[in-house]
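Asker: What follows is the residue order along each chain.
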Amino acid sequence: MKKKLLSRLGQSLIALLGVALLLFLMLRVVPGNPAAVMMGEHGDNAAIARMTAELGLDQPILTQFFRYIGDCFTGNFGTSYSLSKPVAELMGGAFLNTLWLALAAALFAWILGIACGVIAAVRKNGILDHLFMGVSLMGVSIPVFLTAMILQYFIAFRLHWLPIAGMDGWKSFILPAIALGWNSAGSVARLVRSTLLDILQEDYIDTARAKGRSQLGVLVFHALRNAMLPVVTMMALQLSGLLSGAVITETMFSINGIGRLAVQAISGRDIPLLQGTVLFSTAVVILGNLGADLLYTVLDPRIRKGGGPQ
Amino acid sequence: MKNRQKELAELHQRRLEDGNGPVSAFRADLFRMFRKNRAAALSVLVILLLILAAVFAPVLTPYSYDDMDLGNRLSPPSAAHLLGTDEGGRDILTRLLYGARISLLIGVVPTVVSILIGAALGTIAGWRGGITDTVIMRLADIVLAFPSMLLAMVIMFTLGDGLVNVFLTLALLNWAAVARVVRAETLRLKNTEYIEAARAIGVSGPVMLLRHILPNCLPTLIVLFTLNVPAAILTESSLSFLGMGIQPPSASWGLMVNAGKNYLYSAPWICAAPGLIIMVAVLAFNFLGDGLRDALDPHQKNR
Numbered sequence: 001m002k003k004k005l006l007s008r009l010g011q012s013l014i015a016l017l018g019v020a021l022l023l024f025l026m027l028r029v030v031p032g033n034p035a036a037v038m039m040g041e042h043g044d045n046a047a048i049a050r051m052t053a054e055l056g057l058d059q060p061i062l063t064q065f066f067r068y069i070g071d072c073f074t075g076n077f078g079t080s081y082s083l084s085k086p087v088a089e090l091m092g093g094a095f096l097n098t099l100w101l102a103l104a105a106a107l108f109a110w111i112l113g114i115a116c117g118v119i120a121a122v123r124k125n126g127i128l129d130h131l132f133m134g135v136s137l138m139g140v141s142i143p144v145f146l147t148a149m150i151l152q153y154f155i156a157f158r159l160h161w162l163p164i165a166g167m168d169g170w171k172s173f174i175l176p177a178i179a180l181g182w183n184s185a186g187s188v189a190r191l192v193r194s195t196l197l198d199i200l201q202e203d204y205i206d207t208a209r210a211k212g213r214s215q216l217g218v219l220v221f222h223a224l225r226n227a228m229l230p231v232v233t234m235m236a237l238q239l240s241g242l243l244s245g246a247v248i249t250e251t252m253f254s255i256n257g258i259g260r261l262a263v264q265a266i267s268g269r270d271i272p273l274l275q276g277t278v279l280f281s282t283a284v285v286i287l288g289n290l291g292a293d294l295l296y297t298v299l300d301p302r303i304r305k306g307g308g309p310q
Numbered sequence: 001m002k003n004r005q006k007e008l009a010e011l012h013q014r015r016l017e018d019g020n021g022p023v024s025a026f027r028a029d030l031f032r033m034f035r036k037n038r039a040a041a042l043s044v045l046v047i048l049l050l051i052l053a054a055v056f057a058p059v060l061t062p063y064s065y066d067d068m069d070l071g072n073r074l075s076p077p078s079a080a081h082l083l084g085t086d087e088g089g090r091d092i093l094t095r096l097l098y099g100a101r102i103s104l105l106i107g108v109v110p111t112v113v114s115i116l117i118g119a120a121l122g123t124i125a126g127w128r129g130g131i132t133d134t135v136i137m138r139l140a141d142i143v144l145a146f147p148s149m150l151l152a153m154v155i156m157f158t159l160g161d162g163l164v165n166v167f168l169t170l171a172l173l174n175w176a177a178v179a180r181v182v183r184a185e186t187l188r189l190k191n192t193e194y195i196e197a198a199r200a201i202g203v204s205g206p207v208m209l210l211r212h213i214l215p216n217c218l219p220t221l222i223v224l225f226t227l228n229v230p231a232a233i234l235t236e237s238s239l240s241f242l243g244m245g246i247q248p249p250s251a252s253w254g255l256m257v258n259a260g261k262n263y264l265y266s267a268p269w270i271c272a273a274p275g276l277i278i279m280v281a282v283l284a285f286n287f288l289g290d291g292l293r294d295a296l297d298p299h300q301k302n303r
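As they're listed, the protein sequences go chains A and B. Each step along the first sequence adds one to the number in our numbering, with nothing skipped, and position 108 is 108. Each step along the second sequence adds one to the number in our numbering, with nothing skipped, and position 108 is 108.
By construction, these hints were calculated from the structure, which means they are not laboratory data. Backbone N, C-alpha and C fix where the C-beta goes; we use that ideal spot for every residue, glycine too. Mixed in with the good hints, there may be bad ones.
Some chain B residues near chain A, calculated using beta-carbon distances under 10 Å [what the hints assert, rightly or not]:
(1) Ser-238
(2) Gly-260
(3) Cys-271
So that you can see chain B by itself, here it is in the shape it has in the complex:
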């Protein structure tokens, strides 16, 4: 018994000296993935371009996103307006660039929030077990039981329109799936030797979760993040498409499609550009997420 404890303490010490074991392994996997998986590498490039477009929107275009030019409504793509103008005579390319700001924010902010909430609740549920676990996971079950689009609609209806409420809605929608995954991961880690080792030398609950459980969930969380960003962008664009999300004159890609849908047959370019950009952005994040998952899942490695 004494020996076992000593052994475990040594194991724990070794792990601490190794630094972040799983994280450096993750880094190696990541590097290998980008060399082997060209689609994932290309996706990173696309995502970077979208971010640059969002940041430098004012520099890239001479127009402003709400400049109305009523003499120039619904004009097809031309040299002055590369992607044409919309029903208010606004330059579509400009609105697309500014829309990248809102759409990317909507992809990232609620996803980060939902991952923070989900990871916290998931680790606590998995670690504590018992009644805490039951309460948290039943709540997650209830949230997951709703068809997500309908739940999003109901939450937006309750909160009212606006950007912050879209953030809130998407965060409330997505934490449950994260919590479920993180809980499963915590349960698995709980029985590993090094956690036993940490426990043997008397590491306390909160330190255990923050220093030993969560860092090991990090690869899973990164994959979840990459796959939840496009899901959030899609949900927002669907909400805005129905007129329940962001309100004009702000530009989000979904809102642009919504504005253009009444002119689909006379001026299809209004919908086409933002619709395609949504697809490209979502596709890039999905390719990246898929690549990351394959890189991190040893079961898939040799495929």
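One chain only, chain A, in its complex shape:
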């Protein structure tokens, strides 16, 4: 058990190092000397050469890479070219906004998804089942920017219920959370439905019914409890996905999060900022996946006790 855990941890670390190296190499292929970009139009050749040496850009690429990794561990992600601030400082502020957005979106998605999934499973092949499953597939298929535009146009622009964009208190997080959570709600609903349908066919459900438990009691205490295992794992994966995948939503609703920072980095050709935001987001995903694995281990007694389904 402990060995498994350690090897899983090692895998995550290797993946993270691999991600960092791949990212580093990709961004070094970009044409143009970063020092020249940084100096702008004012830089003469001598100044650019001095800056190149100062940034260590004249050293072998692997030396540069290991220095970058070492710096990252001490919380130094370099300085943004376009915003002239430490990348770590920019990301720190942005991450909080992204975190709030992701949590709100996840809450929306899980409540809606679980409710619809349970109802669809109980009323299998009924009207509500077909309706919810149709809508949930639509939820998975609709591009985030379209959901965002529909919400902005009708709820904010036509009805004036909520702000169109910006970061003005908790109200301005409602529409982005719905836009971002919509897709996840669809997949949670589908997973809850299919897991629940599997479980409702198990013998112990019949046993519970035979013992005289009410329909609702069987559903909540026997079926749903066991169905939550894969669902909770998926939810943990989704949270890390939401934390890293809010690029479009943040851009559309002008929320100063990590995703928007990455978009700004690209339009400003700001390599340190881009490298920092992408590395940070990927680290969040890797940690999230690790967390989901651990959660699964803790929640499933078969794995926790070491046996596990073979």
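Given the coordinates of chain A, work out where chain B should sit on it, guided by the hints.
Answerer: Below, chain B alone, put in the same frame as chain A:
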């Protein structure tokens, strides 16, 4: 021992005479699915219509996709312009039809490429095992660890704009998931009797992979293809929406939404039409992919 080998050789011979066992079973499943699953059948119809629209775009509309008519900017839907005009006075329906060409190409070309790469690497990793397996799968892990939108943005940033680079980006993004699935399938097949049979009569590695492993992965690959096409269309539309994909005056659906987003409140029809078409196309492919998966997964058959 001798008997066992003979038995296996016979099994192998029988399989060869049967022709493509899994493929004909697949065909039967497919037929059954279309009879039972109306959503999937309807999706095929929608996809065919989109393909026809893309092919016959010049015949279907009197306008050209980059005809500017500046006296007629941002006009709402009318008899002359069924879906209205955009900020350059271009006919939106026309651009939608031409956009189908690029958007469908973007759905299909990189998906085919990524499936070819993924299937090749996946079978090799699963078949060879050992260090080859480790190297390929760790690389796949790394690619899969990235949030896909951010990785797409970084690759586009590195390669620069343009259609071919969008193809490349999407292919580089999607091969890893394919490789993982195909590897698992190869590992499963490796232990089946008929592969043992083929090995017993001395079938060589490459022939084994091409004639015996890959054809059996075909149903899985078809499902992956149907589900990856809409994912590619969505990623491209998101990239174009951020201004990092196809460049004007070409028309892709995502690019049209991007152009219209500044006029969302004064001329919402610019975004609405391409946005809805993206959804319809993605939905059709997803319904079809779901139907195919259900038809091919015996576990789901009776549901």
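Asker: Hint by hint, say whether it matches the structure.
Answerer: Cross-check of the supplied hints:
Hint status for Ser-238 of chain B relative to chain A: holds, with the closest Cβ pair at about 6 Å, below 10 Å. For the restraint placing Gly-260 of chain B at the interface with chain A, the shortest Cβ-Cβ distance is roughly 9 Å, inside the 10 Å limit, so the hint holds. Residue-level restraint check for Cys-271 of chain B holds (minimum Cβ-Cβ distance to chain A is 6 Å; threshold 10 Å).
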